[in-house]
Amino acid sequence: MSSKSEPAHRFRRANLLHIPESDLLCKNGCGFYGNPAWQGYCSKCHKELYQKSKHSNVPELKSKYSRRSPSQTSGESPDSSFLTFSKFEEKKRHQSEKRAKTIKSIIKRTSTFKEAAAHSGWKEQRHMSFESQKVNRDFGEFLKTLREPAAQDVKKHIHVLIDRVQKYTDRSIDEASELIQDFYQAVGERFETHPAFQGASPDQVEQLMNFTEKYLMTRLYKVLFGQISTEDEEKDLAIQKRIRSLNWVTAEHLGSDIDDKHPEVRDLIDKAITDIIEMDSKRAPQDKLSCIVRCSQNIFNILHVCHGGPASADEFLPALVFIVLKANPPLLQSNIKYITQFSNPSRLMSGEGGYYFTNLCCAVAFIENLTAESLNLSQDEFNRYLSGEAVPPGGYEQNAFLCEGLRLMYQNLAALSDLRQRHDKLMAEALSLREDMNKFKDTITKEVDLVLAKTPLIIQPYKIPPDIDLKVLPSVIREHVLQDRASSTWPTDVLLTEATLVDIENDQIAGQQAVEDSGCPLSASDIFIKQASSLKPKPEKVTHVLLEPSTTGTVETFHKVGEYSLDLGEFPHSHFVQM
Amino acid sequence: MKRVDLKIVLLGKEYGGKTSLLERYLYDHFHGDLPYQNTIGAAFGAKKIQLDDKQITMGIWDTAGSERYEAMSKIYYRGAKAAIVCYDLTDSSSFERVKFWVDELKKFEEDCMIYLCGTKKDLVQEDRQCRKIDYHTTTDYADEIGANLFETSSKTGECVRELFTQIAMDFVNKYVPSSKEKNEDLILESPGKKSTFCCSS
Numbered sequence: 001m002s003s004k005s006e007p008a009h010r011f012r013r014a015n016l017l018h019i020p021e022s023d024l025l026c027k028n029g030c031g032f033y034g035n036p037a038w039q040g041y042c043s044k045c046h047k048e049l050y051q052k053s054k055h056s057n058v059p060e061l062k063s064k065y066s067r068r069s070p071s072q073t074s075g076e077s078p079d080s081s082f083l084t085f086s087k088f089e090e091k092k093r094h095q096s097e098k099r100a101k102t103i104k105s106i107i108k109r110t111s112t113f114k115e116a117a118a119h120s121g122w123k124e125q126r127h128m129s130f131e132s133q134k135v136n137r138d139f140g141e142f143l144k145t146l147r148e149p150a151a152q153d154v155k156k157h158i159h160v161l162i163d164r165v166q167k168y169t170d171r172s173i174d175e176a177s178e179l180i181q182d183f184y185q186a187v188g189e190r191f192e193t194h195p196a197f198q199g200a201s202p203d204q205v206e207q208l209m210n211f212t213e214k215y216l217m218t219r220l221y222k223v224l225f226g227q228i229s230t231e232d233e234e235k236d237l238a239i240q241k242r243i244r245s246l247n248w249v250t251a252e253h254l255g256s257d258i259d260d261k262h263p264e265v266r267d268l269i270d271k272a273i274t275d276i277i278e279m280d281s282k283r284a285p286q287d288k289l290s291c292i293v294r295c296s297q298n299i300f301n302i303l304h305v306c307h308g309g310p311a312s313a314d315e316f317l318p319a320l321v322f323i324v325l326k327a328n329p330p331l332l333q334s335n336i337k338y339i340t341q342f343s344n345p346s347r348l349m350s351g352e353g354g355y356y357f358t359n360l361c362c363a364v365a366f367i368e369n370l371t372a373e374s375l376n377l378s379q380d381e382f383n384r385y386l387s388g389e390a391v392p393p394g395g396y397e398q399n400a401f402l403c404e405g406l407r408l409m410y411q412n413l414a415a416l417s418d419l420r421q422r423h424d425k426l427m428a429e430a431l432s433l434r435e436d437m438n439k440f441k442d443t444i445t446k447e448v449d450l451v452l453a454k455t456p457l458i459i460q461p462y463k464i465p466p467d468i469d470l471k472v473l474p475s476v477i478r479e480h481v482l483q484d485r486a487s488s489t490w491p492t493d494v495l496l497t498e499a500t501l502v503d504i505e506n507d508q509i510a511g512q513q514a515v516e517d518s519g520c521p522l523s524a525s526d527i528f529i530k531q532a533s534s535l536k537p538k539p540e541k542v543t544h545v546l547l548e549p550s551t552t553g554t555v556e557t558f559h560k561v562g563e564y565s566l567d568l569g570e571f572p573h574s575h576f577v578q579m
Numbered sequence: 001m002k003r004v005d006l007k008i009v010l011l012g013k014e015y016g017g018k019t020s021l022l023e024r025y026l027y028d029h030f031h032g033d034l035p036y037q038n039t040i041g042a043a044f045g046a047k048k049i050q051l052d053d054k055q056i057t058m059g060i061w062d063t064a065g066s067e068r069y070e071a072m073s074k075i076y077y078r079g080a081k082a083a084i085v086c087y088d089l090t091d092s093s094s095f096e097r098v099k100f101w102v103d104e105l106k107k108f109e110e111d112c113m114i115y116l117c118g119t120k121k122d123l124v125q126e127d128r129q130c131r132k133i134d135y136h137t138t139t140d141y142a143d144e145i146g147a148n149l150f151e152t153s154s155k156t157g158e159c160v161r162e163l164f165t166q167i168a169m170d171f172v173n174k175y176v177p178s179s180k181e182k183n184e185d186l187i188l189e190s191p192g193k194k195s196t197f198c199c200s201s
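Chains A and B are the protein sequences, given in the same order.
Numbering-wise, full-length UniProt numbering puts 205 at position 205 of the first sequence, and it's gapless, one number per residue.
Numbering-wise, full-length UniProt numbering puts 39 at position 39 of the second sequence, and it's gapless, one number per residue.
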């Protein structure tokens with residue numbers, strides 16, 4: 001209400017609904033806008049008026065309270081306190097649903113007056129919320145572990161308090177806070193001194209205290225939080241707007257070394273952001289605190305990934321500021337105020353929850369008072385970034401990571417470029433493989449040529465042992481052998497033992513006569529035999545097919561001369577000639 | 001048995017050894033010893049210690065020492081019963097900053113007990129040249145502000161336990177009314193307290 005832009009904003013709204021502006025102003029004429037919920041006064045004037053009447057005219061106020069008790073008003077037309085109340089709830093729902101003030105929400109919000117008017121006796125229709133039911137169950141179960149008088153005592157006290165708070169919705173939030181803080185203290189003392197609780201161990205007392213707080217605050221959440229979020233709406237919006245205007249701030253600006261491009265870090269940042277946003281949905285202060293603790297633990301994980309070793313507060317606070325800036329948690333100020341006012345004070349003074357909550361308060365204070373200096377920027381730069389005139393280097397990209405679609409796109413782009421790289425590599429390697437293969441082929445051809453050039457194929461006469469049984473010889477060589485025998489005198493001992501003919505399967509050849517043959521269609525041994533037959537046998541230099549160059553020309557032993565098949569019908573099998 | 005919470009804040013220039021001090025006390029190891037530790041963060045630690053018939057839960061709060069967060073530091077020490085103001089024995093500028101925090105504490109949190117703590121003593125012991133802050137200057141300052149002074153080494157563990165034990169003892173003597181006095185100091189203190197109580201009632 002105090003900000004300058006607000007009246008202008010409302011003016012637009014007023015035009016939209018055709019309500020004369022004068023009707024909207026505070027009855028006191030202070031220049032601010034009034035509200036039917038505050039009897040046509042603005043919040044400040046109403047508060048003052050209320051304070052005055054409270055001090056001067058207590059009995060009258062009491063009658064006002066009794067008039068407003070739900071049992072009596074349920075049938076009547078709703079009075080202002082009702083409106084206030086349902087408006088709180090409506091508002092709260094709106095804020096969590098939509099951060100921005102849209103036309104839609106404005107219309108909807110104003111229409112709730114009519115709705116609320118038509119909708120009397122809402123309290124009867126209200127069912128216990130899911131959260132309340134759950135905490136009711138848990139609490140009931142815990143109370144069973146206590147002795148009967150103790151459980152009864154706790155229950156009775158809590159219900160008295162809940163009734164008191166729920167009845168008087170006109171109470172200011174500070175008063176409610178005082179009431180509840182007093183209750184914590186009284187209950188804490190009672191648990192320690194009252195005879196009903198004598199048997200309980202310190203752990204049990206602590207648990208009882210926790211449950212009491214949780215139960216109480218879950219039940220009263222709507223009443224109290226609604227009131228806070230209405231009163232502090234301006235502050236909530238202000239910080240939200242502030243954070244939004246600072247969306248360009250990077251971890252670097254804050255002096256933090258968070259690498260938010262790292263996928264693992266991104267996931268953890270998301271987790272931390274989820275945790276801190278979740279805080280608004282919790283009811284009991286300790287549940288809200290545990291959200292903060294979880295968020296903080298994720299921040300420590302982030303820091304751990306980013307630079308190894310354990311992190312200290314020096315690194316933690318900037319990281320928390322960064323997370324808060326990126327998360328922009330809804331109703332931040334209201335939540336902080338709620339926790340501060342309605343949490344058990346010992347919780348905030350000691351323990352992890354208290355520590356991280358304090359850090360959160362610090363982070364928020366830092367964001368509120370953020371200056372160019374604290375980001376190590378020049379005033380000019382800072383102003384330009386703040387107004388959105390310029391974007392710091394890399395700022396756009398960084399924020400794009402917060403949008404799910406864009407992030408997916410970036411992830412896919414990264415995957416694609418990775419694929420492309422791998423593909424390129426594969427191609428390059430395939431090409432080089434081809435080249436290698438070609439080179440290999442060339443070298444082999446060259447080497448073979450070289451070897452062939454160095455050692456030309458010389459076919460030397462075929463040598464036949466003189467006393468070989470002609471029956472075992474293939475018909476191809478048989479006549480040749482006969483010819484040889486006729487033409488020359490062979491030394492009887494030349495390589496006789498070395499020559500063996502194997503694998504003669506067909507017995508038919510045994511009966512066959514040796515026939516002269518000069519051109520048998522053999523592939524490998526073709527030339528060999530031909531040439532052998534044309535050469536004059538030189539007994540002292542007799543040798544066989546050369547696989548390796550034999551420069552000496554003397555008789556060499558070859559393990560395997562070759563494999564050839566005698567494709568003449570009678571010899572369908574391959575013959576192995578080993579010498 | 002009585003249970004008491006004690007909030008201790010660690011103040012000091014960044015990288016002045018606050019975290020190492022905390023880590024040494026809580027887990028009894030030093031950062032430089034191992035490349036990796038199980039602890040992922042040492043910003044907050046709770047430790048229970050037993051003094052006479054009381055169990056004290058010390059919540060030790062590390063704070064960000066960077067100057068840009070200076071304005072926020074009073075949020076941290078709100079409600080603290082003791083503050084350890086750290087300075088680096090090898091860094092003369094760190095002691096200048098000590099004065100800032102001490103002044104702040106005196107202004108905003110009068111009841112807070114102040115402990116000055118010179119860190120990285122092992123470095124000074126290795127090489128006398130490293131010492132940039134004169135011992136006598138610090139003792140004079142400590143006397144002036146009524147604070148205790150410790151010179152510690154988180155690497156060797158020297159004086160660390162003593163520092164925290166001292167804080168716990170001072171706290172008990174100052175804040176926790178004792179039922180059974182075993183400590184001599186307590187006997188001296190409590191009659192005074194009792195007498196004022198009697199007079200007022």
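FYI, nobody ran anything at the bench for these hints, they're computed from the structure.
The structure presented is a predicted model; accordingly, all values stated were derived computationally and were not measured.
Hints may contain errors.
Derived SDA-like pairs: lysine to any residue, alpha-carbon spacing no greater than 25 Å straight-line [said to hold, decoys possible]: (1) K241(A) / A71(B); (2) K222(A) / N301(A); (3) K214(A) / K174(B); (4) K48(B) / K27(A); (5) K48(B) / K441(A); (6) K47(B) / S350(A); (7) K48(B) / E352(A); (8) K74(B) / L375(A); (9) K441(A) / P456(A); (10) K47(B) / P456(A); (11) K155(B) / H307(A); (12) K47(B) / E352(A); (13) K27(A) / K47(A); (14) K48(B) / Q207(A); (15) K106(B) / K235(A); (16) K47(B) / S346(A); (17) K132(B) / E109(B); (18) K174(B) / S417(A); (19) K54(B) / E352(A); (20) K54(B) / V205(A); (21) K48(B) / C306(A); (22) K235(A) / K54(B).
These are the hints, each one checked on the structure:
Of the supplied pair hints, the one linking K241(A) and A71(B) holds, its CA atoms being roughly 22 Å apart against a limit of 25 Å. Straight-line distance between C-alpha atoms of K222(A) and N301(A) comes to about 34 Å, which puts the hinted pair past the 25 Å bound. Between K214(A) and K174(B) the alpha-carbon distance is near 33 Å, which puts this suggested pair outside the 25 Å criterion. Restraint check for K48(B) and K27(A): not satisfied, since their Cα atoms lie roughly 59 Å apart, outside the 25 Å limit.
Of the pairs offered as hints, the one joining K48(B) and K441(A) is violated, with about 80 Å between alpha carbons and a cut-off of 25 Å exceeded. This hinted pair checks out: K47(B) and S350(A) have alpha carbons roughly 11 Å apart, not beyond 25 Å. About 14 Å separates the Cα atoms of K48(B) and E352(A), which keeps this hinted pair within 25 Å; it holds. Taking the CA atoms of K74(B) and L375(A), the gap is near 21 Å; set against the 25 Å cutoff, the hint holds.
A threshold of 25 Å between alpha carbons decides the hint, and for K441(A) with P456(A) the separation of about 22 Å falls inside it, so the pair holds. Taking the CA atoms of K47(B) and P456(A), the gap is near 94 Å; set against the 25 Å cutoff, the hint is violated. Pair hint K155(B) plus H307(A) holds up; C-alpha atoms about 21 Å apart against a cutoff of 25 Å. Straight-line distance between C-alpha atoms of K47(B) and E352(A) comes to about 12 Å, which keeps the hinted pair within the 25 Å bound.
Annotation: proposed proximity of K27(A) to K47(A) holds, straight-line Cα distance about 13 Å (limit 25 Å). Taking the CA atoms of K48(B) and Q207(A), the gap is about 19 Å. The hint holds against a cut of 25 Å. Of the supplied pair hints, the one linking K106(B) and K235(A) is violated, its CA atoms being roughly 31 Å apart against a limit of 25 Å. Taken as a hint, the K47(B) and S346(A) pair is honoured in the structure, with Cα atoms around 16 Å apart against an allowance of 25 Å.
The suggested pairing of K132(B) with E109(B) is violated, with an alpha-carbon distance near 30 Å, which exceeds 25 Å. Of the supplied pair hints, the one linking K174(B) and S417(A) is violated, its CA atoms being roughly 67 Å apart against a limit of 25 Å. At most 25 Å may separate the alpha-carbon atoms for a hinted pair to count; K54(B) and E352(A) meet this at roughly 22 Å. The hinted pair formed by K54(B) and V205(A) meets the criterion: a straight-line CA distance of about 17 Å does not exceed 25 Å.
Between K48(B) and C306(A) the CA atoms are separated by roughly 32 Å; this puts the pair beyond 25 Å, and the hint is violated. Between K235(A) and K54(B) the CA atoms are separated by roughly 44 Å; this puts the pair beyond 25 Å, and the hint is violated.
In terms of the numbered hints stated before, the structure departs from hints 2, 3, 4, 5, 10, 15, 17, 18, 21 and 22, listed from lowest to highest.
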